Amino acid sequence: MRKPELAAAIAAKAELSKDKANLALNAILEEITAAVAKGDTVSLIGFGTFSVRERSARKGKNPQTGEPMDIAASKTVGFKVGKKLKDAVDN
1 MRKPELAAAI AAKAELSKDK ANLALNAILE EITAAVAKGD TVSLIGFGTF SVRERSARKG
61 KNPQTGEPMD IAASKTVGFK VGKKLKDAVD N
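Heads up, the sequence shown is in UniProt numbering, so the first residue is 1 and it goes up one at a time.
Hints are computed from structural coordinates only; laboratory data are not their basis.
These numbers were taken from a predicted model, which means no experiment stands behind them.
It is possible that part of the hints are untrue.
What the hints assert, rightly or not - Using 25 angstroms as the maximum straight-line C-alpha spacing, the simulated SDA-like pairs for lysine to any residue come out as follows:
id: 1; residue 1: Lys61; residue 2: Ile71
id: 2; residue 1: Lys38; residue 2: Leu23
id: 3; residue 1: Lys38; residue 2: Val52
Work out the full structure: start from the sequences and follow the hints.
Here is the structure:
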């Protein structure tokens, strides 16, 4: 499912126009993005939790040459699945 399809599904379930559903979806995604960018954790009970995860610096190797290289520390977004979503996928 892509974003326009999700917006259409929201519009149908919430009895909204597709434009209003798209605005609501965009607002939700923008707020989640802003919160995680600030380092906050976003918990949607039953769905999951978005958080910032730190990756430490480490040694790696260049796949083309095989030479060792240093990989810098970085931050990434993590997602931990909530119980309700996990149960829905398992069934």
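Consistency of the hints with the structure:
1. Lys61 <-> Ile71: With a Cα-Cα distance of about 9 angstroms, the restraint between Lys61 and Ile71 holds, given a limit of 25 angstroms.
2. Lys38 <-> Leu23: 23 angstroms, holds
3. Lys38 <-> Val52: OK: Lys38 and Val52 at ~9 angstroms, within 25 angstroms.
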